[in-house]
Amino acid sequence: MEKGGVEHEITELRLGLPGRDVTEKIVKKRGFTEMIMTSSGSNSDESGVVSGGDVEKINESPAAKSEVVGWPPVCSYRRKNNCKEAWTTKVGLGYVKVSMDGVPYLRKIDLGSSQDYDDLAFALDKLFGVRGIGVALKNGDNCEYVTIYEDKDGDWMLAGDVPWGMFIESCKRLRIMKRSDATGFGLQPRGVDE
Amino acid sequence: MNYFPDEVIEHIFDFISSHKDRNSISLVSKSWHKIERCSRKRVFIGNCYAINPERLIERFPSLRSLTLKGKPHFADFNLVPHEWGGFVHPWIVALAKARVGLQELRLKRMVVSDESLELLSRSFASFKSLVLVSCEGFTTDGLASVAANCRHLRELDLQENEIEDHRGQWLNCFPESSTALTSLNFSCLKGETNLAALERLVARSPNLESLKVNRAVPLDALTRLMSCAPQLVDLGVGSYENEPDQESFMKLMAAIKKCTELRSLSGFSEVAPLCLSAFYPICQNLTSLNLSYAAEIQGNHLIRFIQFCKRLQRLWILDSIGDKGLEVGASTCKELQELRVFPSDLHDEEDNDTAVTEIGLVAISAGCPKLHSILYFCKQMTNAALITVAKNCPNFIRFRLCILEPNKPDHTTSQSLDEGFGAIVQACKGLRRLSVSGLLTDKVFLYIGMYAEQLEMLSIAFAGDTDKGMLYVLNGCKKMRKLEIRDSPFGNAALLADVDKYRTMRSLWMSSCEVTLGGCKRLARNAPWLNVEIINENENNDLMERNEEDEREKVDRLYLYRTVVGARKDAPPCVTIL
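Those sequence lines, one after another, are chains A and B. Going by the UniProt record's numbering, the first sequence opens with residue 1, and the numbers climb by one from there. Going by the UniProt record's numbering, the second sequence opens with residue 1, and the numbers climb by one from there.
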């Protein structure tokens, strides 16, 4: 199964497994890939619908691989103690991994120690020593960075839309992308007309 | 020999320690059998259900050291239900009742309870060594009883167990008079550790050679521990994700420098690069290094570290070391005997180009002439690479290759990997353990049956086309002891072809294959000396009452093993013994 350029990116940031009721995810949250699909200039139409075509592409989701029980044959003790594995089971328990494009080390942040998005913004700024991440969370549109998170279902969502409580319960990891890089995915900067 | 008095023969037997040899001796004659069994101190039981404790004690009344294994190997990968069995309690009860002078107990994949540990600690006055590997069912309360009551305890080694941590004071339970410790490993405990108690214990144990702490022991405590135990040979450290400040770093390095006897290093569930570099001074002395839990460490730091390890014999590492790192290892570690490369990305989530490939494997085989054991997880492989590896390293005893994606062919030719593995078994005449993966047809099993004359353990997953594959192995590998197969198209014809073969094997595991209930029932009828276990986690488990139609139903998991004591009585509802 060959994966080319953009198609590969799409399957990475997949909407979810086929057959699921996609529409129920649309309410209140903007899926990151939704943003890719919607045309430029549209001002956060929160009930943007994803076309059936996109779901088809995602049929080749690599999720099927990880569903084979006991494969790869790594013993369960090692799975639990492998940091990457351990993090994915720690949903809602506070610590999540944060990656920032261009930074070689992954960082961790304790969501439990932030009270709201403002707190998180401040913490992220401090973590990477870069100003502007926080602004992304608050303003959303006119800044250098885009903060996205992977939720419990494996979908990538834009951070900042859902209530804080809901966010920390479902956020598995965070990723900070430069908005200009996100454009390569097809994301158009919002607020720009035409 | 027949004219020597028994005591002399017994003395001669004392020099023979290998289990195999001692078993052979006992078959020579009645008198040798008697002398051997009465003087036998160490017994190894590879399957705790092959025999029962009463018969063991009857045969070996002078038993001092016992090794027991419980669950089948695939239990490591969650293929065996939790409640399957492997309870050590009846063994301890029987040994205690018979007043056996037990000194050492080594358990693997068994269920151990606090009650068992408590009984153990009170029943054997000379008890010296407890080693638990991949066990579960107990808490730190059980450890507290062992610490408190085993006056002569020298070794407490807990490897990869699931232990409920009550965050109690089990370390405090070692009495002040306890000064005989040579080995203490509690790396698998998840909770906080009483650092003061630990430091006092280490300080009063001058013979301590092996110390492996858990994640919760911070850097400054580690520094103090190393300072008062510079005689350490084997050290397992905790988790150090934050860079140490200058002062802490200097102190750590000073303590490390004093540990001139240090040969083995492990732990590092997380480690900041600077922390790792504090160990540079002793790298050249290391013979064993385990960095396989340090998932966050980037390849270049691993490479820098390994460059100093010229005497390394054993290396366990993550695939983030990359082919480049293995090339460095190949040119630096000329004494390397065992290599294990584990996957850092288990769900194939990241598009990771830096993980190892066939290139790294070839490099290490070319550079390390003493290499005899390898476990290698990778995303791709080629026949050409395997053929080269076979040429470079004909001395493999253990060769385990796991290509992460099932059924993946040679990525340059799109062919199966039959020829590659064929080359391995043909060249490595001493091969005892083999795990195969990738796209494989019946042909690879033809090669294995033909060439792998010393093969004792074979693991097969997603391989083969027909029953012929399994038959080649059963007919060809005369020394086969453990065969484990999953997700492969082998069925009743292969299972039933040669029932007597299973007399010479310890066990056979088959899951998600083509064997049916009818086939298993037939086997059980023809081989009453086997326990044929069907594991089925569905609700309706009354397999014996099924009608004829269900005989054609495929069996999800089959585990059979030879035994002299018949069906076990402790099987849970999900296990049916035919």
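Note that these hints are calculated values from the structure, not bench results. The structure presented is a predicted model; accordingly, all values stated were derived computationally and were not measured. Where a beta carbon is used, it is the ideal one built from N, C-alpha and C, also for glycine. It is possible that part of the hints are untrue.
Derived CB-CB ranges, DEER-like [as the list claims (entries may be wrong)]:
#	chain 1	residue 1	chain 2	residue 2	range
1	B	78	A	113	42 to 50 Å
2	B	179	A	125	49 to 57 Å
3	A	122	B	191	28 to 36 Å
4	A	99	B	550	46 to 54 Å
5	A	152	B	500	50 to 58 Å
6	A	101	B	324	22 to 30 Å
7	B	10	A	76	24 to 32 Å
Could you see if the CB distance from residue 10 (chain B) to residue 76 (chain A) stays within 24 to 32 Å? 44 Å, violated
Starting from the range 49 to 57 Å, see whether the pair residue 179 (chain B) and residue 125 (chain A) falls in it by beta-carbon distance. With Cβ atoms ~53 Å apart, the hint holds.
Given the hint of 28 to 36 Å, is the C-beta distance from residue 122 (chain A) to residue 191 (chain B) inside that range or not? Hint holds: Cβ distance 32 Å, inside 28 to 36 Å.
Falls inside 46 to 54 Å, the C-beta gap from residue 99 (chain A) to residue 550 (chain B)? 52 Å, holds
Cβ distance range 50 to 58 Å for residue 152 (chain A) and residue 500 (chain B), holds or violated: 53 Å, holds
Given a hint of 22 to 30 Å, does the C-beta separation of residue 101 (chain A) and residue 324 (chain B) actually sit inside it? 23 Å, holds
Look at the Cβ atoms of residue 78 (chain B) and residue 113 (chain A) and judge whether their distance stays inside 42 to 50 Å. Violated - the Cβ-Cβ distance for residue 78 (chain B) and residue 113 (chain A), about 33 Å, lies outside 42 to 50 Å.
Taken one by one, the earlier hints fail for this structure at numbers 1, 7, listed in ascending order.
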